[in-house]
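A.B. asks: Each chain, letter by letter, is given below.
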Amino acid sequence: MNGHVTERRLHYLNVNYGVKSWLLTTDHKRIAWLYLISITFFFFIGGLFATLIRLELLTPQGDLVQSETYNKLFTMHGVTMVFFFLIPSIPAVLGNFLVPMMIGARDLAFPRLNLASWYIFIVGGFFTIAAAAAGGVDTGWTFYTPYSSIYSNTHVALTVIGIFTTGFSSILTGLNFIVTIHTMRAPGLTWFRLPLFIWAMYATSIIFILGTPVIAIALTLVALERLFHFGIFDPAYGGDPVLFQHLFWFYSHPAVYIMILPGMGVESELISCFTRKRVYGYRFVAFSSVAIAIIGFLVWGHHMFVAGQSVHAGMVFSLLSFLVAIPSAIKVFNWTATLYKGSVLLSAPMLYALGFIGLFTIGGLTGLFLATLAVDVHVHDTYFVIAHFHYIMVGGAVMAYLGGIHFWWPKMTGRIYPESWARIAALIIFIGFNLTFFPQFVLGYLGMPRRYHVYPPEFQVLNVMSTAGASILAVGYVLPLLYLIWSLRYGAIAAANPWRARGLEWQTASPPPTDNFELTPIVTEAAYAYEKEPEEVYVFGKPAHV
Amino acid sequence: MLGFPLFPEQASTMAGRVDALFYFLLAVSVFFASLICILIVTFAVKYRRRSEDERPPLIEGDLRLEVFWTVVPLGLTMIMFFWGAKLFFTTNYPPRDSLEINVVAKQWMWKAQHPEGRSEIDELHVPLGRPIKLILTSQDVIHDFFVPAFRVKKDVLPGRYTTVWFEATKAGEYHLFCAQYCGTQHSGMVGRIVVMDPARYESWLGGETAGVSMASAGEKIYQRLACNTCHLESGTGRGPSLVGLFGKKVQLQGGQSVTADESYIRESIVEPRAKIVAGYPPIMPTFKGLISEDGILQIIAYIKSLTHEGIQAKK
Chain A
1 MNGHVTERRL HYLNVNYGVK SWLLTTDHKR IAWLYLISIT FFFFIGGLFA TLIRLELLTP
61 QGDLVQSETY NKLFTMHGVT MVFFFLIPSI PAVLGNFLVP MMIGARDLAF PRLNLASWYI
121 FIVGGFFTIA AAAAGGVDTG WTFYTPYSSI YSNTHVALTV IGIFTTGFSS ILTGLNFIVT
181 IHTMRAPGLT WFRLPLFIWA MYATSIIFIL GTPVIAIALT LVALERLFHF GIFDPAYGGD
241 PVLFQHLFWF YSHPAVYIMI LPGMGVESEL ISCFTRKRVY GYRFVAFSSV AIAIIGFLVW
301 GHHMFVAGQS VHAGMVFSLL SFLVAIPSAI KVFNWTATLY KGSVLLSAPM LYALGFIGLF
361 TIGGLTGLFL ATLAVDVHVH DTYFVIAHFH YIMVGGAVMA YLGGIHFWWP KMTGRIYPES
421 WARIAALIIF IGFNLTFFPQ FVLGYLGMPR RYHVYPPEFQ VLNVMSTAGA SILAVGYVLP
481 LLYLIWSLRY GAIAAANPWR ARGLEWQTAS PPPTDNFELT PIVTEAAYAY EKEPEEVYVF
541 GKPAHV
Chain B
1 MLGFPLFPEQ ASTMAGRVDA LFYFLLAVSV FFASLICILI VTFAVKYRRR SEDERPPLIE
61 GDLRLEVFWT VVPLGLTMIM FFWGAKLFFT TNYPPRDSLE INVVAKQWMW KAQHPEGRSE
121 IDELHVPLGR PIKLILTSQD VIHDFFVPAF RVKKDVLPGR YTTVWFEATK AGEYHLFCAQ
181 YCGTQHSGMV GRIVVMDPAR YESWLGGETA GVSMASAGEK IYQRLACNTC HLESGTGRGP
241 SLVGLFGKKV QLQGGQSVTA DESYIRESIV EPRAKIVAGY PPIMPTFKGL ISEDGILQII
301 AYIKSLTHEG IQAKK
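Protein sequence lines correspond, in order, to chains A and B.
Note that the working numbering gives residue 465 to position 465 of the first sequence, counting from 1, and the numbers run on in steps of one.
Note that the working numbering gives residue 256 to position 256 of the second sequence, counting from 1, and the numbers run on in steps of one.
If you're looking for bench data, these hints aren't it; they were derived computationally from the structure.
Hints should not be assumed to be uniformly reliable.
Derived list of chain B stretches under chain A, where covered just means 3 residues or more per stretch with a C-beta under 8 Å from a C-beta of chain A [said to hold, decoys possible]: (1) 145–155; (2) 172–179; (3) 235–245; (4) 275–283.
All C-beta atoms, glycine included, are put in the ideal place defined by N, C-alpha and C.
Let the hints inform the model, and build the full structure from the sequences given.
C.D. replies: What follows is the structure in structure tokens.
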């Protein structure tokens with residue numbers, strides 16, 4: 001009778017269908033998809049703004065768009081990419097999908113809160129898109145006062161409300177991760193057996209919870225001064241314009257670590273899997289994440305070396321900024337050492353991972369120039385800064401994000417992406433990225449200020465190089481979008497553990513069942529036990545759910 | 001050769017010193033970036049996966065190595081820190097004999113006034129080989145005074161004074177950029193610094209737009225606003241005497257004291273109740289909105305010129 005029908009395995013994607021089953025889901029894996037689709041949308045919107053910026057800078061005259069438009073373009077590029085792509089990228093997509101799976105849990109601690117955080121994110125995004133559609137905002141993503149609070153004639157309040165709202169989504173995600181990691185680890189999964197991705201998510205969550213309220217406060221004060229003329233930042237009303245910078249960077253500098261720490265977590269997973277080795281110096285890598293999260297809160301003043309703060313305050317912030325560089329250096333050395341005597345496979349995710357090390361190293365080293373007081377005086381607010389933070393945020397965070405998406409794609413979708421295309425795309429992105437941003441270091445040291453619509457003609461050659469690079473980079477970003485969508489239907493069926501990885505998330509079917517594991521896993525070894533077989537590491541106990 | 005420059009011109013006493021530090025940082029960076037890249041490529045080739053069943057040896061880590069690559073970068077960064085901080089000190093404290101020029105920024109222009117009275121817009125003429133101290137303030141939003149060829153930069157804030165100093169070493173014209181985003185025409189808020197021989201500078205000062213000196217312009221405002229009716233020279237008026245005030249310590253009500261610098265005088269004009277001089281009643285009204293930023297700078301120049309010797313000479 002059932003000879004013709006093979007029983008179809010139920011998993012989280014086919015357990016039910018329809019828009020409602022997605023929009024009302026409390027499954028962390030489906031919520032990860034909601035985020036993935038939303039932030040991909042924001043990534044390409046932000047990318048469109050970047051494209052227009054680069055096209056404008058092909059010529060020194062400022063002939064493609066007017067100054068008003070140009071100022072709105074770089075503002076909305078920054079706002080979209082920082083608040084609506086980079087900050088949620090790895091935590092809300094990969095973190096959502098992987099945190100419960102890596103620790104052997106059925107879901108996050110608060111599944112409904114998890115869904116709520118996505119809705120809050122969407123509401124915030126809606127406000128920001130509405131501000132853009134209504135004519136945009138021109139303050140720069142940094143919203144410096146009193147320009148933002150009094151002088152700008154654009155939609156500052158609406159944008160600020162959008163960012164304020166989105167912040168709550170970060171806080172709730174952070175809260176959810178912290179509680180989940182503390183209370184829902186599988187039997188035997190002690191802190192020092194955790195994958196380093198979990199350590200990175202934990203450190204990131206701490207910043208989410210401690211930092212985000214401060215940007216919410218700062219932006220609320222901007223809105224209050226703007227709407228009701230409260231004298232907080234504008235000296236004309238008795239305020240202090242530099243106070244805003246303190247509040248803004250108290251969040252926004254740690255926010256840089258919100259963007260890069262998760263990338264570092266992904267990096268450890270990729271390096272380990274594609275060398276088949278335990279990450280070298282596991283505890284140093286783990287604690288360096290926590291060190292970055294803590295020291296990262298004490299360096300905000302390095303954004304204000306020329307802002308009129310006292311010389312002594314400048315010195316303290318300079319010293320602390322050098323200290324925060326050390327844990328990052330430790331990570332780079334340990335990842336490199338992991339390759340030693342490994343079994344290195346240059347798959348697409350590994351290409352992203354190795355690209356990450358190179359670009360993050362350049363980004364980190366150029367950070368030293370900015371921490372050095374007298375050199376920062378010269379390069380502050382120039383293209384040197386632009387190049388530096390794009391090496392960290394794009395060369396680092398986005399490379400890690402793409403590497404992670406490729407690596408876990410078989411788990412998320414049950415399909416294999418086309419490997420050759422993926423390697424080609426990784427290579428195109430690496431080349432395009434360097435051609436776009438390396439010339440900007442030179443431009444910055446020559447003295448080209450950031451946020452310049454019109455610039456002296458002697459800077460043109462380097463700008464043309466940068467725009468040429470950006471067009472290559474754009475191709476590199478569109479390719480994965482196309483072949484990953486293609487693979488959803490035409491990709492080869494993925495096995496449970498196609499990489500022969502040791503992570504717990506690979507010890508269940510691809511795609512996983514709604515409850516992640518059929519049987520409760522018991523962990524007997526530290527993460528990355530590549531010297532053993534998975535069966536020696538994990539014991540599956542009684543059925544997880546009856 | 002390349003068709004574009006790689007390094008900016010060096011035209012101040014600071015430029016060479018900042019560049020030396022920059023080259024040190026560059027050397028350290030190139031060394032570490034190359035080291036990491038070479039190791040990655042070497043390992044990736046040498047230890048490439050040769051069979052699907054490879055089982056690499058377990059290597060946990062090595063405490064000595066961890067300490068080594070923590071301490072070496074820490075040492076190097078401390079060199080960077082001290083070197084950078086030392087230079088930063090120099091850039092922040094102008095020499096005593098500096099020539100002072102006032103600069104007021106507003107959306108989207110630079111206005112400079114020389115003590116002798118000549119003022120200019122989007123240009124700044126300075127003599128060669130003499131330390132120049134600029135007293136900067138903004139009339140609206142935050143701007144930033146940036147001259148790449150001098151390696152100097154300072155935010156220009158509304159409601160307070162910041163200073164920047166440099167000593168030009170090469171006659172010529174250099175870019176002046178506003179480096180802090182300030183609104184629509186931010187990238188149009190540029191100008192040029194003209195470095196001249198001292199003799200040519202002197203004759204330029206007496207040129208076409210030369211007005212009265214800043215101090216005498218300040219004296220006119222001082223009298224127009226009737227400051228002199230309370231601030232008598234003798235000190236017996238309703239307000240304290242301003243003769244010989246600049247640079248001195250002022251005793252305040254409540255036991256504190258403050259040095260009478262530009263910021264203190266500015267604050268006393270726009271917000272007189274903020275600091276009350278000991279022994280005088282808090283009766284001075286605010287002059288906020290009655291004097292422009294340029295006017296305040298002229299009054300300050302006038303107050304600076306009020307020395308005991310000067311008063312004696314007049315008499």
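A.B. asks: Give a verdict on every hint.
C.D. replies: Taking the hints in turn, this is what the structure says about them:
1. 145–155: n = 8 at 8 Å, threshold three: holds.
2. 172–179: As far as the region 172–179 of chain B goes, the hint holds, because 4 residues have Cβ atoms under 8 Å from chain A.
3. 235–245: violated (count 0)
4. 275–283: violated (count 0)
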